[in-house]
Amino acid sequence: MSIDQATEQGVPVPLSFAYELNDVVQAYSGTPVLQIAECHIEADRITALVGPNGSGKSTLLNLLSFIDSPDEGHLHFFGDTVPTTGTEAFRHHIGYVQQKPYLLNTTVFRNVELGLKLRKVEKSQRRKQVLQFLDEFGITHLAERRAHELSGGEVQKVAIARALVLTPRVLILDEPFSHLDTRFHLEFESLLRGMRERSQTVIFSTHDRFQALALADSVCTLLDGHLMPISEVNLFTGRLDRARNMFVTRQLEVNVPKLASEGTRLSIDSRQLVINGTAAEPGMRNNFPGTVQAIRHEAGEIHIDVMARELFHAVITRQVLNELRVQVGDPVWVSFKASAVSIF
Amino acid sequence: MDYFLQALGAASTLIFSFDRDIYIIVWTSLYISLVAVILASLAGIPLGLLVHFRSFPGKGMVLQLLNTLMALPTVVVGLFLYGMLTRQGPLGDLDILYTPLAIVIGECILILPIIWNLSISAAASADPRILATCKALGASPLQQSLLFVNEIRYALVAAVVAGFGRAVGEVGVAMMLGGNINGFTRTMTTAIALETSKGEFEFALALGLLLLATAFVVNLLLQRFQRLNR
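Quick note, the sequences are listed as chains A and B, same order.
For the first sequence, position 133 matches number 133 in my numbering, and the numbering has no gaps at all.
In short: position in the second sequence from 1, add 1000, done, that's my numbering.
Hints are computed from structural coordinates only; laboratory data are not their basis.
Any given hint could turn out to be false.
[What the hints assert, rightly or not] What the simulated footprint calls covered on chain B by chain A, stretch by stretch (three residues with Cβ under 8 Å from a Cβ of chain A suffice, anywhere in the stretch; the number is not a length): (1) 1119-1131; (2) 1137-1143.
[Unchecked claim] Under 10 Å between C-beta atoms, here's a sample of chain B residues computed to sit facing chain A: (3) Leu1147; (4) Asn1150; (5) Glu1151; (6) Arg1153; (7) Tyr1154.
Every residue, glycine too, gets a C-beta built ideally from N, C-alpha and C.
One chain only, chain B, in its complex shape:
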C-alpha cells in the first residue's frame, strides 16, 4: 500500500508541477480524440437521422449491425487499418501509418457506430409531434431537420460525449496506428501502457489521473449544458 501511496504522491507532484512531457501527451490525446469525435459526429448524426426517418429494405439488419459495431474491439480496428496503411497495404502509398491522422481515422471508425447508433436512439425517443409542428409553422425540409436536431440536442450531445469517452480512453488503435512516438503520436493511454512496462509507475499514474480528470470534466460540462437549458 505504501508503494501505491508514494506513487500517488509523486504523480500529484508531476501533475501540479506542470511537467512538460506529461502535458504534451495530454494535449496530443485531446486533440486527436477531439478531431476524431468531430468528424465522426459530422457523419454519425446525419446518418442517424437518415436511418431513423427513412424506411428501406435491410433497415433491421443495419440496426443490428450498428449494435454489434458499438462493441467493436479497438485492436481489431487497429489491426485492420494497419493492414491497409502499412507500406505493402493497399493504402500504403498514403504514408500515414504512425501519424496522428492514422489514429484519427482509426478512432473515427471506432466511434462512428456509437454516435450513429445513439443518434438513432435520440431521434427515436424524440416527441413525434416535433416534425409536424415545424412543418405546420412553415419550415422547409432543411429547416425541419435543423429544428429537429435542435430539439434533441441534449441526447445528441450525450451521444457525442460517449464517442469522445471511447476515443480518448482506447489504447489499441492509438498503439497500433500511432506507434507511440514521443511528442508526436504518444497519447495518454499508450504512454500509460509504455511507462508501466518500463517501471515508471508514477509517470503512468499521473497520466491515469489526468485521463480520469478529462472524463470527469467532459461529463461535468455535459451536465452543465443539460441543466443550463432546462
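Just chain A, same shape as in the assembly:
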C-alpha cells in the first residue's frame, strides 16, 4: 500500500523506507570499518547520522550514495536491491554533498549544471533550473566565477546548489554545517525542512548530537563502524575518569566498562534499564534511587520516566509494570550494568 492510499483511507501511515541495509560490511585493506547488521532509513524524513570522527559516517554515506558498494551484505533502495555494479540509475536519485566538496575546474554555472547534463536535461531547461537555484542560494553573482576563486563557504553553497538542482529523491550531506556561516546556517535548516515537506529524504552526518536532535526526525549513532542502539533519551554529558572507570556527570557517577572508549557523552539503551520497587538490582554495578515521573503505554510497551538525579527513560513490559505496581510519584531504583553504557 502506498503512503497516499493509506492517508486517504485515514488509517495510520505505514512507514516506507528509503534504505534498508542487511549485514553490510565495508572494509579497507582487510580491516572492517563499517559493520551494520540491520538498518532502516525512513523515506521523506530527515535522518541524522551522529558519531565522532573516524566512526564510519563518510563510509556509510558513500554506500548510501552508491559511490561505493559494500564488500558484504545487501542494500535496498526504496525496495529495490542495489547491484554492486552499474548503479547509475540509482545514483540519479541522489544528491550528495561531500564533507569537503570538490568543484570541477570550471565556472560555478557549469558545476551546478553538470548533474543535469549527465541526466540529459535539455539545454534551455538546464539553464533555467541552474539560474533558479543560484538565485535561491544568493550566489547568482558567482555564476561565471571559476571554482578556485571561491571561498570555503561559497564552495559549500555551490556544492549544495549542485546537489539540489537535481531535485533528488534523497539528499545526502556529509557534515554540511562545518563550513557554513551562521546566517546561511538557519536558511539551510529551513531548506532541509522544506525538502521533507516536498517528500524528499534527507540524510546528514554531524558530530554534533544536539544539532542532530534539533533538526532530524531520527538519529542514528555510529561508533567504530557499528550502529549504536541509542537515541536522544538517557544521554548524559560529562567526563570519563579512567582511573576509577567512572563516567562523571554533574549529578551522577556511572560505572563504565574498563575498556570504555573516550568521549564526553554517555548513553544507555532504555531497554537495558531495570526498574525495581524496593531495592537495588543485585549484580548490577549502577543503582540509583529516584521517583517515577511518568508512565506511558506505547505500542504494547511501557515507557517509564524516573528522576534519579538525572532523568532516566526505561522501556519495560506490561508484565513487569504489573509486578512493580508503581505509580507516578512512587520511589523506585534504576539499575543497569556497566556494559549497558556507551560513551562517545
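Go by the hints and put chain B onto chain A.
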C-alpha cells in the same frame, strides 16, 4: 667568432627569404612528429589512466620499466626497428624502411613511455575527490573517465608537449629509419647533421634556429593554454 656571426647572418637571411628547401624540411619534421605524438597520446593517455586506476600484479615493475624507457636511447630504437623493417627482417615485406611512416613508428615507440609515464603522474597528482564527485553527480564509467581527463587536462597537455619535444628534436630514429631522403624523409635534425658534415654550416644553423623556434612556440602555446583557463 666572426665566422659564427657571419653564419648567423646568412642563416637569418635563409630563414627570412623563406628558402623553399628549408621550409620543406621544417614541414617534414613537423608533420612526422605531429602524427607520432598524436598516435602516442591516443595510446599513452588511456594506458596511463589504466595503470593508475587498476591494481594488478607487477604494477611496480611496469612503473619501473616505464621510468627506464623514458630515457630510451634514440639510436637503440632506430637500430631495433631497422632490424625489423630491413628487407631481411621479419617485417621487411611491409617495405616501409626509409619512409616517413617508419620514422613515425620509431618516434611513437620513443615517446610512448614518456606520455604514458607522465599521464600516470598527472592522474596520481589529481585531486582524489574528482571521481567520487563525478560519480555522485550520476556519471557513467565512461563519463567519469572523460570528466577526469578534462580535470587533469593541463598536466596531460604538458605530457603531450614533452613527447612532441622529444620527437621533433631526436636524430637517431629519423636518420636510421628515414634515411635522410631530400624532400621525403629529411627532417630538421637529420638535415642539420648532414649539412654540418658537408660544411654547409649556415644552412644547418638556419635549421637549428628554426628547431629552437619550434620548441619555443610550442611551449608558448602550452603556457597560453594553461593561463587561458586559470
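Each hint tested on the structure:
Look at the stretch 1119-1131 of chain B against chain A: 3 of its residues bring a Cβ nearer than 8 Å to a Cβ of that chain, three or more, so the hint holds. For a cut-off of 8 Å, the count of residues in the stretch 1137-1143 of chain B with a CB near a CB of chain A stands at 5, and the three-residue condition holds. With its C-beta approaching chain A no nearer than about 7 Å, Leu1147 of chain B sits inside the 10 Å limit, and its interface hint holds. Contact between Asn1150 of chain B and chain A, as hinted, is supported at the beta carbon level, the nearest pair being about 8 Å apart and thus within 10 Å.
At a threshold of 10 Å, the smallest CB-CB gap from Glu1151 of chain B to chain A is about 6 Å, leaving the interface hint in force. This hint holds: Arg1153 of chain B has a C-beta 8 Å from the nearest C-beta of chain A, less than the 10 Å allowed. For the restraint placing Tyr1154 of chain B at the interface with chain A, the shortest Cβ-Cβ distance is roughly 9 Å, inside the 10 Å limit, so the hint holds.
No hint from the list above goes unmet by this structure.
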